[in-house]
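J.: Heads up: the sequence lines are chains A and B, in that order. Counting with our numbering, you get residues 1 to 154 for the letters of the first sequence. Counting with our numbering, you get residues 1 to 432 for the letters of the second sequence.
Rather than coming from a laboratory, the hints here were simulated on the basis of the structure. Everything numeric in this text was worked out from a predicted model, so none of it was measured. Using N, Cα and C, we set each Cβ at its ideal position, and we do this for glycine too. Keep in mind that a hint or two might mislead.
[Unchecked claim] Subject to a maximum C-alpha distance of 27 Å in a straight line, what follows is the list of computed DSS-like cross-link-like pairs (lysine-lysine):
hint: 1; chain 1: A; residue 1: Lys17; chain 2: B; residue 2: Lys185
hint: 2; chain 1: B; residue 1: Lys204; chain 2: B; residue 2: Lys235
hint: 3; chain 1: A; residue 1: Lys17; chain 2: B; residue 2: Lys204
hint: 4; chain 1: B; residue 1: Lys185; chain 2: A; residue 2: Lys70
hint: 5; chain 1: A; residue 1: Lys104; chain 2: A; residue 2: Lys151
hint: 6; chain 1: A; residue 1: Lys2; chain 2: B; residue 2: Lys264
hint: 7; chain 1: A; residue 1: Lys100; chain 2: A; residue 2: Lys145
hint: 8; chain 1: A; residue 1: Lys70; chain 2: A; residue 2: Lys2
[What the hints assert, rightly or not] Computed, partial: chain A to chain B, Cβ under 7 Å:
hint: 9; residue: Arg14
hint: 10; residue: Pro16
hint: 11; residue: Ser22
hint: 12; residue: Glu59
hint: 13; residue: Ile72
hint: 14; residue: Cys75
hint: 15; residue: Leu87
hint: 16; residue: Ala110
hint: 17; residue: Cys125
hint: 18; residue: Asp135
[To be verified] Listed below are several chain B residues computed to face chain A (Cβ distance under 8 Å; list not exhaustive):
hint: 19; residue: Leu6
hint: 20; residue: Asp129
hint: 21; residue: Ala158
hint: 22; residue: Val162
hint: 23; residue: Tyr170
hint: 24; residue: Arg186
hint: 25; residue: Ala227
hint: 26; residue: Ser243
hint: 27; residue: Ile287
hint: 28; residue: Val320
hint: 29; residue: Glu324
hint: 30; residue: Leu335
hint: 31; residue: His341
hint: 32; residue: Gly424
hint: 33; residue: Leu426
hint: 34; residue: Glu427
This is what each chain is made of:
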Amino acid sequence: MKHLIPEFDRMRARYPKGFESSLVLPCLRRIQEDRGFVADEDIDGVVAYLGVPRIQVEEVLSFYGQFRRKAIGRCHLQVCRNLSCSLNGAERILDHLTKKLGVKPGETTADGRYTLSTVECLAACGTAPVLMVGDTYHESMTPEKIDALLKTLP
Amino acid sequence: MANRRLLMTFPVTATSHTLAEYRARGGYAALEKALREMTPQKVVAEVTASGIQGRGGAAFPMGRKWAVVQPNDGIPHYLCANADEGEPGTFKDRWILEFAPHLLLESMLIASYALQVRNAFVYIRGEFDGPYRRLAGAVEEAYEAGYLGAGILGTDFACDLVVYRGAGSYVCGEASALITSIEGKRGYPRNRPPRLTVRGLYQKPTVINNVETLSNIAWIVANGGKAFSAIGVAKDPGTRLISISGHIARPGVYEVECGYPFAKFIFEDCGGGTDGRPIKAIIPGGISTKVLTGKEIEKLTLDNPSLTAAGSSMGSGGMVAIAEGTCMVRLLQVLLRFYHHESCGQCTPCREGMGWLHRIIDRIVAGEGRSEDIERLYQISAWNDGTTICGMGDAAGYATVGILNKFRDEFEYWIEHKRSRNDGALECPRFS
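Could you build all of it, start to finish, from the sequences and the hints given here?
T.: Laid out in structure tokens, this is it:
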């Protein structure tokens, strides 16, 4: 995490004085982008850098759905299954991926390439069903489009 | 009805979101007007005169929220735009963030001037990567052009803005949870009083407004509160961004003038149900608003007085169309799974109630429903109503009761026959 401190310093300059606690989420997000998950030593680093209680960082990590404490596959495939996506075929999308990758939601393929998850509303309901790959939305998905997309992923 | 537009007033192109094009459309003129010709009190007076109500779901009058903040009280005030947009079915703020980010920034700057805010925030949901990049790009453009920072437009007005990213939590769209999240903690809602406009972010007066609500300010300042109040209907002035999805021929974001005929919107503007299927039901404003049947919408208009009289509300403008043939039992199962997943766990009625509702609906769908289950769903919804710190406990109850009241026979059928009367269908094309 230490190599990110210059970036954290720049981020901190945009906040009012006394807002160190606010930087917990942005710092953790940046660490996760960098490492793929948040490790124990990252928690130590954030606690030391911001001077916040360790329990606060632990609580944040266990509360917010996007934070991870363990490594996942190279590509994170998240299928939205909320209302508008369900009305437009999210179940078929999830079935297709489950069969194609041979894993259930929450699991990673044996080669460490893909992790499959379900996710709640991504606010892209007009172009349902939606699949999020990493940070990127792929909208109006069909099994055919998924097959084409998988070929382009690392 | 003329259907005037205040926000979606330009053709979207690959560059229409940039500062250069926003200025070419007259952008930042309202900020100039506010800073050079109006006192902060005058801006607040215009917003109050406009009668604009919140577009995030609660329809609280913006002027009344702002009036609580005391000018010249010597303590910092904060402004937060709520761009969490987590209410399922809602994706209208995304349109502003992606295509009109400077409209939001200009409006927030005017609001900051009016409310004597030195530091403003946009709280944007963590999944919105594309909209975040657009907005963050616009913030950099605004800093470079001198619209943000110190000495804005050569005046002594100064304002800094941070785009704060969430990390995957529905409840953080609730204003007090949003604030707790910006404090870098778990997004737990807070009890009121004190109101957030009295003690909000770091215990300082804080105004939280929805992205769309805020984005109307530039127009209100440019044209006057009175002109705004003449648009729409008297008790709900202005326009609404409606994001429509589900079984609808032309899904997307539309701007309609409040008071626009509901049926005209569905059947003419949006082309009716997918593949011409009849509309069975419409959830008008996010899944937490009570469902309306296809028949009910015929007499209604798109504004809060009309929908409130029908027992529902415009909510967050997240409309979901449901075609004939859809199984309402499995639909409610999707909603209850969501509420269970998103309960923050702070209040017992919600933490336990959401799981209970979810287990009952799962049991019904598994063919193990019991005769008392429908009454139990009603009972748990009633126990949640008004007994939790935030509105989420109420919301899940509204969604449940709304569907049970109108489609109870489908639940009774499944419990009795251990199967769906509609083939368990959620997706439209499967049986078209």
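J.: Now look at each hint and say whether the structure bears it out.
T.: Here's how the hints hold up against the structure:
no.: 1; hint: A:Lys17 <-> B:Lys185; result: holds, 18 Å
no.: 2; hint: B:Lys204 <-> B:Lys235; result: violated, 31 Å
no.: 3; hint: A:Lys17 <-> B:Lys204; result: holds, 14 Å
no.: 4; hint: B:Lys185 <-> A:Lys70; result: holds, 21 Å
no.: 5; hint: A:Lys104 <-> A:Lys151; result: holds, 20 Å
no.: 6; hint: A:Lys2 <-> B:Lys264; result: violated, 59 Å
no.: 7; hint: A:Lys100 <-> A:Lys145; result: holds, 13 Å
no.: 8; hint: A:Lys70 <-> A:Lys2; result: holds, 19 Å
no.: 9; hint: Arg14; result: holds, 5 Å
no.: 10; hint: Pro16; result: holds, 5 Å
no.: 11; hint: Ser22; result: holds, 5 Å
no.: 12; hint: Glu59; result: holds, 5 Å
no.: 13; hint: Ile72; result: violated, 14 Å
no.: 14; hint: Cys75; result: violated, 15 Å
no.: 15; hint: Leu87; result: holds, 5 Å
no.: 16; hint: Ala110; result: violated, 27 Å
no.: 17; hint: Cys125; result: holds, 4 Å
no.: 18; hint: Asp135; result: holds, 4 Å
no.: 19; hint: Leu6; result: violated, 21 Å
no.: 20; hint: Asp129; result: holds, 4 Å
no.: 21; hint: Ala158; result: violated, 12 Å
no.: 22; hint: Val162; result: holds, 5 Å
no.: 23; hint: Tyr170; result: holds, 7 Å
no.: 24; hint: Arg186; result: holds, 4 Å
no.: 25; hint: Ala227; result: violated, 31 Å
no.: 26; hint: Ser243; result: holds, 6 Å
no.: 27; hint: Ile287; result: holds, 6 Å
no.: 28; hint: Val320; result: holds, 6 Å
no.: 29; hint: Glu324; result: violated, 13 Å
no.: 30; hint: Leu335; result: holds, 7 Å
no.: 31; hint: His341; result: holds, 6 Å
no.: 32; hint: Gly424; result: violated, 10 Å
no.: 33; hint: Leu426; result: holds, 5 Å
no.: 34; hint: Glu427; result: holds, 5 Å
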